[in-house]
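Asks: Okay, here's what each chain looks like letter by letter:
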Amino acid sequence: MKADVVEQSLYEVRKAIYPRAVRGWFAAWRWLLVWGTQLVFYGVAWLPWNGRQAVLFDIVHRKFYIFGLVFWPQDIIYLTVLLIISALSLFLFTTVAGRLWCGYACPQTVYTEIFMWIERKVEGDRNARMKLDGSAFSLKKFAIKAEKHAIWIALALWTGFTFVGYVTPIRELWGEVTALFGLNAGAPVPALGPWETFWILFYGFATYGNAGWMREQVCTYMCPYARFQSAMFDKDTMIITYDRLRGEPRGKGDGKGDCVDCSICVQVCPTGIDIRNGLQYQCIGCAACIDGCDQVMAKLDRPKGLIRYSTTHALEQKLTRAQMFRRALRPRVLVYCAILATVVGAAALGLWLRVPLKVDVIRDRAAIAREAEGGLVENIYRLQVMNPTENPREFEISVAGAAALQLVTEPRVAIGATDSRMVPVRVRADAALLAPGPHKIRFRVRAIDDPAVSVEEKSVFIVR
Amino acid sequence: MSQFTSGFWDLYIGIISIVSILACAVLLWQQSVQKTAVSQTSDHVWDEDIREYNNPLPRWWMWMFYLTIVFAIGYLALYPGLGSYRGALGWTQVKQLDEENERAQQVYGPLYEKFAAQDVVALSKNAEALAIGQKLFLNNCAQCHASDAAGSRGFPNLTDNDWLWGGTPEAIEATITDGRNGNMPALGAALGEEGVRDAAAYVLEISGNASDSIRAARGKEKFAQICAACHGADGKGNQALGAPNLTDKTWLYGSGAAIPETIANGRAGHMPAHKDLLGPAKIHLLTAYVYSLSRK
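Protein chains in written order, with my numbering: chain S, 11 to 474; chain L, 210 to 505.
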């Protein structure tokens with residue numbers, strides 16, 4: 011069959027989506043997560059801790075404060091582990107119940123939810139918004155649109171400000187911002203730096219643009235997670251499913267299925283798809299269609315769950331809920347759980363046993379071995395001693411290893427709070443007691459006030 | 210500042226860049242509409258039943274392509290990129306480096322100025338100055354003089370108060386600023402093989418080591434004729450020439466077999482000048498640090 015040939019644009023203009031407000035069990039869960047994540051995000055930046063900000067990522071000084079812990083760039087392994095845990099959690103949740111992250115916790119979903127709530131408060135629900143957008147330009151329309159965008163921009167700027175407040179101390183930043191508007195005249199406050207300004211505006215713009223304008227396009231065109239998450243689905247993954255057997259044929263009247271074709275499920279969808287066509291890549295798993303359909307079914311006195319979380323196998327093999335849930339504990343899921351539990355356990359143990367002291371040994375390479383008086387050989391090392399705690403500390407250096415190794419330099423060093431020092435160290439040995447060539451040497455650095463704070467590093471001692 | 214000897218290549222690069230950018234724009238404009246079958250899928254079928262939906266990109270995506278073209282043109286107008294054209298901003302890496310150095314000077318300058326006004330002896334007792342001095346030393350001097358400043362073969366020990374070129378603050382500062390060239394001439398030809406061994410025996414004797422007294426006696430004559438010109442009649446050296454004191458137990462190039470080798474083949478010690486690298490303020494602090502090392 012030869013299809014008709016037409017001229018078609020390679021690029022598509024976005025069709026506006028007007029999601030209808032929805033209430034229900036899953037919407038409540040989403041709002042719970044919106045509140046939870048946003049109280050943490052907007053709130054934690056303001057918490058004080060021992061005279062500093064509780065959570066602060068001081069990029070300029072490369073110190074990362076998280077409550078009682080101070081991380082240095084050398085602690086990158088903890089960030090790596092955090093990312094591994096996040097990735098494994100994503101695999102696990104997705105395998106069990108689809109795109110849970112996308113539907114409930116992703117910032118794109120969370121901010122879109124907040125922005126849509128504002129939109130509803132200002133412009134009204136779906137029908138009112140469609141009517142408003144369809145109407146000719148008027149002063150009233152302009153006023154409504156202006157009000158919506160003003161609130162959006164204010165919230166977006168506050169988000170950008172909070173974001174930057176995790177990198178520059180937020181109270182200082184607040185002083186700098188208010189000084190811009192002359193609110194604290196007289197107080198000697200430094201001006202808002204050009205980069206601070208840029209990043210506040212940048213994150214503000216990103217929030218406003220993504221949650222106000224881009225919305226589902228971020229998920230369908232830009233998000234890599236969205237595309238690879240469905241690769242983790244199998245036939246026992248719980249996804250949002252329309253029960254075709256029960257619903258079809260659609261419509262009202264005798265001989266028809268339970269679906270009355272009211273199109274509520276399409277109207278509430280934030281990505282503008284029809285879930286009755288089956289699983290689609292645009293579906294972010296927000297379950298708004300479940301809430302919408304359940305309301306209709308309740309009104310019609312029919313059982314809920316025409317659209318529900320279900321699995322391909324459950325539909326094909328007509329499994330009961332209990333049978334379906336039992337299938338969740340399949341080998342793949344158990345393996346994910348085991349790996350995740352291991353990594354989380356190891357990370358927790360690592361943090362628990364973390365010694366607040368770091369030492370690097372760098373051997374002087376220009377002079378391999380130095381002759382000293384009386385048949386002695388000297389090797390020189392630099393010990394980079396880092397004290398990541400917030401108290402100044404004194405440490406003692408000692409050497410061990412091959413026989414006759416002797417530390418010549420002053421063993422005690424004082425290091426300031428969250429500071430580091432390069433300590434040149436001279437080690438001496440009687441050449442007669444050691445064979446020519448390299449010998450093992452271990453440097454131990456121990457805090458004077460707490461013997462548990464102790465680090466050992468290896469190096470070599472060379473006798474020529 | 211072109212790397213090419215002929216102006217042709219500058220022109221070549223410039224024209225290729227502009228033509229490619231314009232070609233991209235034309236291609237984009239031409240290809241934004243295509244003749245296609247009315248079909249939901251792209252009509253390709255893989256593995257019997259896998260079809261690709263014909264999902265077009267969003268329109269704003271196309272505008273981003275155009276935006277990159279606008280950016281490229283703006284960038285090439287402002288910055289050097291088109292052959293020998295230097296860009297409207299006149300930006301160069303060297304200029305940026307100079308600006309950054311100037312900014313660093315504004316930040317750190319006052320810190321060094323505070324110390325520049327004090328004399329070296331006072332600074333050598335100032336913990337803050339010594340901490341900065343040590344960092345400068347570890348970054349600039351330790352490669353040769355070792356991290357503990359005690360040197361190694363061929364590189365003087367700075368902690369022993371035995372100085373080749375003088376240990377006064379002025380002498381140390383001059384050594385770091387302008388560098389030093391120590392030159393021990395090769396005397397193998399002048400002394401002959403036996404003469405070298407005799408001289409070496411004498412040098413060992415005056416520094417209090419065991420040596421062959423007959424050879425040493427012969428060596429003493431040669432020393433007075435040839436070596437004393439620089440090392441002095443008593444062998445105690447001459448700091449104006451950088452000639453080392455031979456009566457102590459400090460051996461820059463090693464004792465024993467190294468001594469006749471030094472006499473026969475000579476030595477050329479070289480301390481590079483640091484005035485352009487570090488500047489007077491940092492050298493002042495380094496001087497204080499080095500001065501403090503032998504006075505602990």
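Since the hints were made in silico from the structure, they are not lab data.
Just so we're clear, the structure is a prediction, and the values are computed from it rather than from any experiment.
Check the hints yourself; a few may be wrong.
[Said to hold, decoys possible] Label-pair distances were calculated between CB atoms; the ranges are:
1. Gly-363(L) <-> Gly-385(S): 13 to 23 Å
2. Ser-226(L) <-> Cys-347(S): 54 to 64 Å
3. Lys-468(S) <-> Asn-392(L): 21 to 31 Å
4. Ala-466(L) <-> Lys-468(S): 46 to 56 Å
5. Pro-117(S) <-> Asn-335(L): 36 to 46 Å
6. Glu-182(S) <-> Thr-277(L): 29 to 39 Å
7. Ser-251(L) <-> Ala-241(S): 19 to 29 Å
[Said to hold, decoys possible] Calculated pairs, EDC-like style, for lysine to aspartate or glutamate (alpha carbon to alpha carbon, straight line, at most 16 Å):
8. Lys-505(L) <-> Glu-420(S)
9. Lys-158(S) <-> Glu-123(S)
10. Lys-445(L) <-> Asp-371(L)
11. Lys-344(L) <-> Asp-460(S)
12. Lys-458(L) <-> Asp-371(L)
13. Lys-458(L) <-> Glu-381(S)
14. Lys-368(S) <-> Asp-246(S)
15. Lys-158(S) <-> Glu-182(S)
16. Lys-266(S) <-> Asp-246(S)
17. Lys-328(S) <-> Asp-246(S)
18. Lys-458(L) <-> Glu-383(S)
19. Lys-314(S) <-> Asp-253(S)
Beta carbons are placed, not taken as given, at the ideal position from N, Cα and C, and that holds for glycine.
Asks: Taking the earlier hints as the rules, which of them does this structure contradict?
Replies: 3, 4, 5, 11, 14, 15, 16
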